[in-house]
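Protein chains: 2
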Amino acid sequence: MAVALDAMGGDHGPAVLVEGAVEAAREFGTAIVLVGEEEVLAAELDRQGGASLPIEIHHASQVVGMDESPAESLRRKKDSTIKVAFDLVKRGDASAVVSAGNSGATLATALVTLGRFSGVRPAIATVMPTLKEPAVMIDVGANVDCKPHHLLQFGVMGAVFSSEFLGIENPAVGILSIGEEDSKGNQQVKRAHDLFHGTSLNFVGNVEGREVFRGDVNVIVCDGFVGNICLKLSEGLAESILLMLKSELSSSPMASMGYLLAKGAFRRFKKRVDYSEYGGAPLLGTKGVAIICHGRSGAKAIKNAVRVASGLAASDLLGKLKEALGRYEDLYK
Amino acid sequence: MAVALDAMGGDHGPAVLVEGAVEAAREFGTAIVLVGEEEVLAAELDRQGGASLPIEIHHASQVVGMDESPAESLRRKKDSTIKVAFDLVKRGDASAVVSAGNSGATLATALVTLGRFSGVRPAIATVMPTLKEPAVMIDVGANVDCKPHHLLQFGVMGAVFSSEFLGIENPAVGILSIGEEDSKGNQQVKRAHDLFHGTSLNFVGNVEGREVFRGDVNVIVCDGFVGNICLKLSEGLAESILLMLKSELSSSPMASMGYLLAKGAFRRFKKRVDYSEYGGAPLLGTKGVAIICHGRSGAKAIKNAVRVASGLAASDLLGKLKEALGRYEDLYK
Numbered sequence: 600m601a602v603a604l605d606a607m608g609g610d611h612g613p614a615v616l617v618e619g620a621v622e623a624a625r626e627f628g629t630a631i632v633l634v635g636e637e638e639v640l641a642a643e644l645d646r647q648g649g650a651s652l653p654i655e656i657h658h659a660s661q662v663v664g665m666d667e668s669p670a671e672s673l674r675r676k677k678d679s680t681i682k683v684a685f686d687l688v689k690r691g692d693a694s695a696v697v698s699a700g701n702s703g704a705t706l707a708t709a710l711v712t713l714g715r716f717s718g719v720r721p722a723i724a725t726v727m728p729t730l731k732e733p734a735v736m737i738d739v740g741a742n743v744d745c746k747p748h749h750l751l752q753f754g755v756m757g758a759v760f761s762s763e764f765l766g767i768e769n770p771a772v773g774i775l776s777i778g779e780e781d782s783k784g785n786q787q788v789k790r791a792h793d794l795f796h797g798t799s800l801n802f803v804g805n806v807e808g809r810e811v812f813r814g815d816v817n818v819i820v821c822d823g824f825v826g827n828i829c830l831k832l833s834e835g836l837a838e839s840i841l842l843m844l845k846s847e848l849s850s851s852p853m854a855s856m857g858y859l860l861a862k863g864a865f866r867r868f869k870k871r872v873d874y875s876e877y878g879g880a881p882l883l884g885t886k887g888v889a890i891i892c893h894g895r896s897g898a899k900a901i902k903n904a905v906r907v908a909s910g911l912a913a914s915d916l917l918g919k920l921k922e923a924l925g926r927y928e929d930l931y932k
Numbered sequence: 600m601a602v603a604l605d606a607m608g609g610d611h612g613p614a615v616l617v618e619g620a621v622e623a624a625r626e627f628g629t630a631i632v633l634v635g636e637e638e639v640l641a642a643e644l645d646r647q648g649g650a651s652l653p654i655e656i657h658h659a660s661q662v663v664g665m666d667e668s669p670a671e672s673l674r675r676k677k678d679s680t681i682k683v684a685f686d687l688v689k690r691g692d693a694s695a696v697v698s699a700g701n702s703g704a705t706l707a708t709a710l711v712t713l714g715r716f717s718g719v720r721p722a723i724a725t726v727m728p729t730l731k732e733p734a735v736m737i738d739v740g741a742n743v744d745c746k747p748h749h750l751l752q753f754g755v756m757g758a759v760f761s762s763e764f765l766g767i768e769n770p771a772v773g774i775l776s777i778g779e780e781d782s783k784g785n786q787q788v789k790r791a792h793d794l795f796h797g798t799s800l801n802f803v804g805n806v807e808g809r810e811v812f813r814g815d816v817n818v819i820v821c822d823g824f825v826g827n828i829c830l831k832l833s834e835g836l837a838e839s840i841l842l843m844l845k846s847e848l849s850s851s852p853m854a855s856m857g858y859l860l861a862k863g864a865f866r867r868f869k870k871r872v873d874y875s876e877y878g879g880a881p882l883l884g885t886k887g888v889a890i891i892c893h894g895r896s897g898a899k900a901i902k903n904a905v906r907v908a909s910g911l912a913a914s915d916l917l918g919k920l921k922e923a924l925g926r927y928e929d930l931y932k
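Those protein sequence lines, which keep their order, are chains W and Z. Residues in the first sequence are numbered consecutively from 600, following my numbering. Residues in the second sequence are numbered consecutively from 600, following my numbering.
One chain only, chain W, in its complex shape (with noise of 0.2 Å):
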């Protein structure tokens, strides 16, 4: 079944997210429906060359401004591209959803429209790159006031993710706070702890920020302020680091040099640490696939994001998803 692609949101319009179905057509042989502006997608599809591949258009007529409020645009704009999209998928003609348009309405749209597994709170998980294997941080934006049975469910969706999406066995479930004893974090972290030893989860208590990157622990969980505040700080300092890099290397004509002998390996790092390579952050807890991408997104970002929707979408995920949660009811509800 095709991935519904909200054609019209982020930053840069059209003709990117179409160029990255376009890619993930071609590469990976991904049904799409691209919806939005019929006329405008259509001349975008085949100008870049799109007409024979398996990519369909739907047409919505309105679009979610990036600064709209999520729950206005709910009530206002019924034929958005996020609403069209999510409806694809509530009715069975699409198999997931792809975003990079406005992330709080792709939220609250996943949310009403294909409703959440009974008393869980949905949540984002990122994959980030480490020093080992990739990690998975849960959440970093859909929650920002937490309950402790809200970390737990984090964890326990988390997990299902990482040996799906992952391949990892038994992953490594930590929760991140500031000094490794059970002792050491917030009032919210603390009382997290007494209902992961609860469970069954390979849960190794708290993580420390340094900890991150290192990659020992599979699945990071935090409430959705502190995640976002990382994830984003995360993408921002390796930024600036490597333009701070950059204005070294070009500082003088031996370094120059240097730099230009090197671009192999450059090329190959900034890869390592590029988070484009794992298309966007899916979301977890509704009774659907849903992708969440970056507004500035651009097209291989959008690419592997409908790569990973399609197999989410083939995969056990949900049903996984609600046998795990299932599981532990009782120390949520």
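To be clear, the hints were calculated from the coordinates, so they are not data collected in a lab. Hints may contain errors.
If several chains are the same, the list does not tell them apart, and a pair holds so long as it fits within one copy or across any two.
Keeping only pairs whose Cα atoms sit at most 30 Å apart, straight-line, the calculated DSS-like set for lysine-lysine is [to be verified]:
hint, residue 1, residue 2
1, K677, K783
2, K677, K862
3, K932, K783
4, K845, K862
5, K919, K862
These figures come from a predicted structure and were not determined experimentally.
Got chain W sorted already, so can you dock chain Z onto it with the hints?
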């Protein structure tokens, strides 16, 4: 007046701490009191050729272990290096304390021995490198569960420190949060906005994680849980990036040659992202100057922390903090 250095704390032991002291005394002429085992320190000082420098030794018979409970250490170890160092400041025999020992114990001992400004929660400030001027992040670990009015105090203190220490006029103060608009963030942050708007601080609203390293905001306010995670995450990421880069640069003869040519550029780059250039993190809000260093501080970090401590003690930091905090007393009392 001399700076009191806890000469037994930290991961590396007295040799490295004395080395930092010797370098500070030699380079900056700073007077220092080494606090700890008299015989050990005298031998170390002699071995390092520091006998003729303005360095004295003050005996203390106990050391607080890195994992020891701060409360317990305060109760039981009346002659610990940390306690004795703060007693020296309290009595007017030293101007400031520098410790790379147990930071919880350093914090607790500072509160008990020096006291705090009335109604104020002391906080740890740290200086972070950015693409422009260094920024101040506060609190990075003293207070894990905060009320909105504590964030206000952190902002007031951070602004004074930014002006006094970094020489930034009318520093821009922002709250670390997950969106630009005032309406974005958790409950704690949203309520803090109202308080900040009632001050004459140069308050710029929310700062997202991505913006921290751009350097447009001079003071970044957060609770100690979020701040400590961000600080350690940043350090861990910077380290991981350097490791990944190193491994790529040694992966082929051509890349290695390029690295050799660009070595000077790499050295300048490492210096730019190196936290130890700024020494330790000052504790603000107590009635005395204390600098908390990383347990793993090397001699350079200690040297710089001693320099910073001496400079802050000689400045009117405490007077200015008291005055600024007093100005907004009705907002937090």
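Here is how each hint holds up against the structure:
Proximity of K677 to K783 under the C-alpha cut-off of 30 Å is restricted to the inter-copy arrangement: shortest distance 25 Å between copies versus 47 Å within a copy. For the homomeric pair K677 and K862, neither the shortest alpha-carbon distance inside one copy (49 Å) nor that between copies (58 Å) is at most 30 Å. In this assembly of identical chains, the alpha carbons of K932 and K783 lie at most 30 Å apart whether taken from the same copy (26 Å) or from different copies (28 Å). In this assembly of identical chains, the alpha carbons of K845 and K862 lie at most 30 Å apart whether taken from the same copy (12 Å) or from different copies (13 Å).
In this assembly of identical chains, K919 and K862 lie within 30 Å of each other by CA distance neither inside one copy nor across copies; the values are 43 Å within and 51 Å between.
In this structure, the earlier hints numbered 2, 5 are contradicted, and the remaining ones agree with it.
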